[in-house]
Amino acid sequence: MAEGRGAGSSLSGAVVWLALLGLALGLALLQVRFPVLHAYPADWQLPLGDWLNVLMQWLVDHTKPFFRFLSWVMGFPLQWVSDLLAWLPWSVSAVAAVLIAYQAGKRPLAIFTGVSLLYVLAMGLWPDTMNSLALVAVSVPLAIALGFGLGVAGFFRPRVERFLTPMMDVTQTVPAFAYLLPILMLFGFGPVVGLIAGVIFAFPPMVKNTIVGLREVPSEIIESGLMSGATPWQLFFRVRCAAGLRQILLGVNQTTMAALSMIIIASIIGGSEDIGWKVLSTLRKAEFGESLVAGIVIALMAMVLDRITYGLATREQDMDHDKGFLARHRFGVTLLAAMIAAYGLSLVVPALQVWPEGWTVDPSGPLNRGIEAFVIAAKPVLDATKNFVIFAFVLPLKIGFYKVVSPFTWGFTPTLWHAAFYVVLVVGGAFYARTRGRGGLAIATLSFGLILFFGLTNMTWPGLAALLIYFGYRSGGMRLALWSAAAMGFILISGSYDKAVLSVQLCGLAVVASFIIGSGLGVLAAESDRFSRILRPINDTLQTMPPFVLLIPIIMIFKIGEFSALLAIISYAVVAPIRYTEYGIRNVPKEVIEASTSLGCTRSQLLWRVKIPLAMPNIMLGLNQAIMFGISMLVISALVGTDDLGQIIYIGLSKGNFGIGFLAGIAMAVIALLSDQFCRAWQKRSEARLEGAYP
Amino acid sequence: MSGDVKLSCRNLWKVYGPDPGQYFKSSEPVSDAAQLAARMRSEKHIPAAINVGFDVHVGETFVIMGLSGSGKSTVVRCLSRLIDADHGQVLLDGEDLLAKSNRELIDIRRHKMGMVFQNFGLLPHLNVIENIAFPLRLQGLSPADQRERAARVIDLVGLGGRENAYPRQLSGGQQQRVGIARSLAVEPELWLLDEPFSALDPLIRRQMQDEFLRIQRVLKKSIVFITHDFLEALRIADRMAIMRDGRVVQIGTPEELILHPADDYVAQFTGEVPRIKILRAGQCAEALANRPEGLPQVDPEARVEGLMPLLAANPKGVDVVEGGTYVGTLTAASLVAALAASEGAQAREVAHG
Numbered sequence: 001m002a003e004g005r006g007a008g009s010s011l012s013g014a015v016v017w018l019a020l021l022g023l024a025l026g027l028a029l030l031q032v033r034f035p036v037l038h039a040y041p042a043d044w045q046l047p048l049g050d051w052l053n054v055l056m057q058w059l060v061d062h063t064k065p066f067f068r069f070l071s072w073v074m075g076f077p078l079q080w081v082s083d084l085l086a087w088l089p090w091s092v093s094a095v096a097a098v099l100i101a102y103q104a105g106k107r108p109l110a111i112f113t114g115v116s117l118l119y120v121l122a123m124g125l126w127p128d129t130m131n132s133l134a135l136v137a138v139s140v141p142l143a144i145a146l147g148f149g150l151g152v153a154g155f156f157r158p159r160v161e162r163f164l165t166p167m168m169d170v171t172q173t174v175p176a177f178a179y180l181l182p183i184l185m186l187f188g189f190g191p192v193v194g195l196i197a198g199v200i201f202a203f204p205p206m207v208k209n210t211i212v213g214l215r216e217v218p219s220e221i222i223e224s225g226l227m228s229g230a231t232p233w234q235l236f237f238r239v240r241c242a243a244g245l246r247q248i249l250l251g252v253n254q255t256t257m258a259a260l261s262m263i264i265i266a267s268i269i270g271g272s273e274d275i276g277w278k279v280l281s282t283l284r285k286a287e288f289g290e291s292l293v294a295g296i297v298i299a300l301m302a303m304v305l306d307r308i309t310y311g312l313a314t315r316e317q318d319m320d321h322d323k324g325f326l327a328r329h330r331f332g333v334t335l336l337a338a339m340i341a342a343y344g345l346s347l348v349v350p351a352l353q354v355w356p357e358g359w360t361v362d363p364s365g366p367l368n369r370g371i372e373a374f375v376i377a378a379k380p381v382l383d384a385t386k387n388f389v390i391f392a393f394v395l396p397l398k399i400g401f402y403k404v405v406s407p408f409t410w411g412f413t414p415t416l417w418h419a420a421f422y423v424v425l426v427v428g429g430a431f432y433a434r435t436r437g438r439g440g441l442a443i444a445t446l447s448f449g450l451i452l453f454f455g456l457t458n459m460t461w462p463g464l465a466a467l468l469i470y471f472g473y474r475s476g477g478m479r480l481a482l483w484s485a486a487a488m489g490f491i492l493i494s495g496s497y498d499k500a501v502l503s504v505q506l507c508g509l510a511v512v513a514s515f516i517i518g519s520g521l522g523v524l525a526a527e528s529d530r531f532s533r534i535l536r537p538i539n540d541t542l543q544t545m546p547p548f549v550l551l552i553p554i555i556m557i558f559k560i561g562e563f564s565a566l567l568a569i570i571s572y573a574v575v576a577p578i579r580y581t582e583y584g585i586r587n588v589p590k591e592v593i594e595a596s597t598s599l600g601c602t603r604s605q606l607l608w609r610v611k612i613p614l615a616m617p618n619i620m621l622g623l624n625q626a627i628m629f630g631i632s633m634l635v636i637s638a639l640v641g642t643d644d645l646g647q648i649i650y651i652g653l654s655k656g657n658f659g660i661g662f663l664a665g666i667a668m669a670v671i672a673l674l675s676d677q678f679c680r681a682w683q684k685r686s687e688a689r690l691e692g693a694y695p
Numbered sequence: 001m002s003g004d005v006k007l008s009c010r011n012l013w014k015v016y017g018p019d020p021g022q023y024f025k026s027s028e029p030v031s032d033a034a035q036l037a038a039r040m041r042s043e044k045h046i047p048a049a050i051n052v053g054f055d056v057h058v059g060e061t062f063v064i065m066g067l068s069g070s071g072k073s074t075v076v077r078c079l080s081r082l083i084d085a086d087h088g089q090v091l092l093d094g095e096d097l098l099a100k101s102n103r104e105l106i107d108i109r110r111h112k113m114g115m116v117f118q119n120f121g122l123l124p125h126l127n128v129i130e131n132i133a134f135p136l137r138l139q140g141l142s143p144a145d146q147r148e149r150a151a152r153v154i155d156l157v158g159l160g161g162r163e164n165a166y167p168r169q170l171s172g173g174q175q176q177r178v179g180i181a182r183s184l185a186v187e188p189e190l191w192l193l194d195e196p197f198s199a200l201d202p203l204i205r206r207q208m209q210d211e212f213l214r215i216q217r218v219l220k221k222s223i224v225f226i227t228h229d230f231l232e233a234l235r236i237a238d239r240m241a242i243m244r245d246g247r248v249v250q251i252g253t254p255e256e257l258i259l260h261p262a263d264d265y266v267a268q269f270t271g272e273v274p275r276i277k278i279l280r281a282g283q284c285a286e287a288l289a290n291r292p293e294g295l296p297q298v299d300p301e302a303r304v305e306g307l308m309p310l311l312a313a314n315p316k317g318v319d320v321v322e323g324g325t326y327v328g329t330l331t332a333a334s335l336v337a338a339l340a341a342s343e344g345a346q347a348r349e350v351a352h353g
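As given, the protein sequences belong to chains A and B, one line each in that order. Each residue of the first sequence is one higher than the one before, counting from 1 in the working numbering. Each residue of the second sequence is one higher than the one before, counting from 1 in the working numbering.
Isolated chain A (complex conformation):
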């Protein structure tokens, strides 16, 4: 990080770095003598969790009637919708869904929707699916109304927007799980919790898209509306909203997906016979086949909802206003007629009313046996992979080489000579990097060498704090140094330090892996159209799927444990770096590429010397997104047995201890916000380096 400054500052920077690394090394060596260095003493912590509990209790005591009333009121529409969906013959709902899909995405989407519905029916999961759909159907309109209202307010009053933006950033970085408990305490037990959680989690994208949509209407369109003699109301609804509609509808799409994702997570509370609960309860009983079958339903549901809302948002208008009522409302009329026809038919043919038992299949038995057979057959390979990753990466980062290396793990007993060789390797590597003029790389090599030797958990908190704060200073100046200090201080004082280190270790490793894999794949996708075409549907699927579904196949094969969590986070976080890298490289200005080619760049020179450096700001954005996705998945992967903050949130939720759960949630949000600040600082730097490169 030292390049790009004057030579003098770079040199003194390196000295400070070396001094701090030496300090960290010294502290790490001294911690055996002074345990206070290893574990932040409990006396120096504040009982923030207890305070939160008291606060929450006070809030619950004083507002309970209000929230319970709200919960009671919202229970009605939910009940109505789920009663309606349960009462409707499956054929009627299916016909409606397929027709809507046709309207949104023509034949391919209609077929996809039809097949998905048949799958749900054949697996006998129709009632569970309809219960989830009822939650979506009620929470999405509420979230849209709330989001649109706030968006309009934010558009007209910049002060409202300034207030909303940080609020929404926080609500989106606090892990979804952490919301559930306060909602549970305020609104009481029941499916309404999922509904409220869905609304709270899903309205921010609607606000953002509404503000952007309204603001980005070209001024000439507004002026032309004014000159057409529009009153203020006409101007807002018929001109501004109408012209910004596409963006606003994209908000609807994102809101729907967020609501679905949250509703699935919220089923962890239980009490709702929905599809998320089905997945979770079978997963807990280690019934992987059943769980996978139900998990696929969630994935299909997500994809269908995504494609339909996206399709409706970006649809080309082809209405013909010259025709009469029937022509103008052709779709509505067709839909209603088809539903009535299906209903009439279902009165005659009972099989169209309720899907017959005999038509359902249960593939979970053979599926279970198949998975078992596969796991047994592939055990040597799977175990080898798992052990390699654990012993070579996960454990060294956690507890350090000096504890990991043993005959059992690495095949030899470490001696002083091994340690000496390691030191020579690290210092030599750093020295080589320095002679090549890569001062930043040299410092990074030394830092990682040190951290991997002792492990993050043995780095001593003062040592890590010093390194973090100085790193903040070098990356983003005094501001970021203060940010780092504040974040570190909060985590220490709140007593979250031990768990936070484990979170950083697990998530950091997963993010680095997904960044390396993802940007690599992104480069390939940018260079090869064919590869890009293959990758795109996989990306779409991974990103649309509620994260929790990703866990199922991973646990099936690798069982519960840190390795599974790692894989789950990687598979969720890898999409963003792929996308941003591909986008960044493909959007390098054509003239620059033509100019470089005419100068005689080879293809690899073009890639490494021109495209990647110019795409750096976007690649950095991909890293930022990978961190955010990684952190949100970290909490969910607590379900597969991790030992970090996510687990604490989960424990807080299951024990009903709001304080510790929410505190862990805040600690997680603090880590996320700090990472975001770092990423922004790096991104700004890479942009500053490119400033003026584009015309």
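If you are wondering where the hints come from, they were derived from the structure by calculation, not from laboratory data. Careful, some of the hints might be misleading.
[To be verified] Some chain B residues judged to face chain A by a derived CB distance under 7 angstroms, without partners named:
no., residue
1, LEU82
2, ILE106
3, ARG109
4, ARG110
5, MET115
6, ASN119
7, GLY121
8, LEU123
9, PRO124
10, HIS125
11, PRO135
12, LEU138
13, TYR265
14, PHE269
[Unchecked claim] Distance windows between CB atoms, simulated:
no., chain 1, residue 1, chain 2, residue 2, range
15, B, GLN207, A, ARG586, 30 to 40 angstroms
16, A, ILE593, B, LYS44, 39 to 49 angstroms
17, A, GLN79, B, SER142, 54 to 64 angstroms
[As the list claims (entries may be wrong)] Over the 10 angstroms line for every Cβ pair with chain A, so calculated as not near, a few chain B residues:
no., residue
18, PRO18
19, GLN22
20, HIS45
21, ARG77
22, LEU170
23, ARG235
24, GLY282
25, PRO292
26, GLU301
Built from N, CA and C at the ideal position, the CB exists for glycine as well.
Fit chain B to the supplied structure of chain A, relying on the hints for placement.
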């Protein structure tokens, strides 16, 4: 050029900055505009329109020409009150627009004004016919009326057959035809065009100018036309104003500007124009003491460029006659003399600058 004044813009000021109101507190007219503008600039205010004044007569095409940043777009927006001016008057049929309430203003825009925008300003979610009928729909006209009136202007701009296309499916020229049709759908008396052809390719621009002239011959609207293209202004203007840094530098017919540019700035534009394109027969004729008999007769207003074949066929020249009275005789020699004098004057002016 004669006839009633349709629109009169008087002492119009638009100033950007923290507190423009402070400069116009006293009700007296501003005495020295240049001095006041200089004071504004020194006090962190930006005067975008400085004491702008002109009249537009009924049926006249008045062009405001200026480069970017000259304030021409600000002025046209003040005329339509898309921007509120800080000082001055805009009289439409003798009534001050700047004093109108919002309600009245909406009514005026619905019935008396039409405006065309540089980047068309079409509504992306409406098709051609719906875009054109949009102002009518806002007025609450019945769908049948909307369709009928929209159909009328659609033929006028030559878009028949594309009624159901959406803006993104149209070329730039076609989109601007929609913009023109929409602005004419309310049958406005005052037609404002803000650089309507600047976003188009040169060939299409030329074509659209012809279309515009054709439409104007039919409709005879009172027009304020904004452009940064001097030649475009020459082609279509009855009278024109040249703006620079927020001020009107000169107002006049194209000939007046070319023959008597007010300053070097105007001369820079007019210098590019070949004199043969603007000189008229009356300006080049010479009154002869003993005129030859039986020469063809021409009007003094006729442009000499168009008289060349006639002159070639009549070596002795042609008579310039206004209403039966002899003005002079136009000969090859008198034409060359007039051209030489005019170009010489121009060269002197440029050298002087």
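Hints and how they fare:
1. LEU82: Status holds, d = 5 angstroms.
2. ILE106: holds (5 angstroms)
3. ARG109: holds (4 angstroms)
4. ARG110: This hint holds: ARG110/B lies near chain A, its Cβ roughly 3 angstroms from the closest one there, short of 7 angstroms.
5. MET115: OK, holds: MET115/B within 7 angstroms of chain A, min 4 angstroms.
6. ASN119: holds (5 angstroms)
7. GLY121: This hint holds: GLY121/B lies near chain A, its Cβ roughly 3 angstroms from the closest one there, short of 7 angstroms.
8. LEU123: Holds - the Cβ of LEU123/B comes within 7 angstroms of chain A, reaching about 6 angstroms at its closest.
9. PRO124: Given a least distance of 6 angstroms, the restraint on PRO124/B holds.
10. HIS125: holds (5 angstroms)
11. PRO135: Nearest chain A Cβ about 4 angstroms off; hint holds.
12. LEU138: Status holds, d = 5 angstroms.
13. TYR265: violated (29 angstroms)
14. PHE269: violated (27 angstroms)
15. GLN207/B <-> ARG586/A: 30 to 40 angstroms: holds (37 angstroms)
16. ILE593/A <-> LYS44/B: 39 to 49 angstroms: Taking Cβ atoms as reference, ILE593/A and LYS44/B lie about 44 angstroms apart, which means the hint holds.
17. GLN79/A <-> SER142/B: 54 to 64 angstroms: Violated: the Cβ-Cβ distance is about 44 angstroms, outside 54 to 64 angstroms.
18. PRO18: Correct as stated: the minimum Cβ-Cβ distance to chain A is 18 angstroms, above 10 angstroms.
19. GLN22: Given that every Cβ of chain A is farther than 10 angstroms from that of GLN22/B, nearest at about 25 angstroms, it holds.
20. HIS45: Since the minimum Cβ distance to chain A is about 22 angstroms, HIS45/B lies beyond 10 angstroms and the statement holds.
21. ARG77: Since the minimum Cβ distance to chain A is about 8 angstroms, ARG77/B lies within 10 angstroms and the statement is violated.
22. LEU170: Its Cβ never comes within 10 angstroms of chain A, the nearest being 14 angstroms, so this holds.
23. ARG235: At about 24 angstroms from chain A, ARG235/B clears the 10 angstroms cut-off, so the statement holds.
24. GLY282: For GLY282/B, whose nearest Cβ neighbour in chain A is about 41 angstroms away, the distance exceeds 10 angstroms, so it holds.
25. PRO292: holds (59 angstroms)
26. GLU301: Non-interface label on GLU301/B holds, nearest chain A Cβ at 36 angstroms vs cutoff 10 angstroms.
Violated hints, listed in ascending order, are 13, 14, 17 and 21; each of the other numbered hints is respected by the structure.
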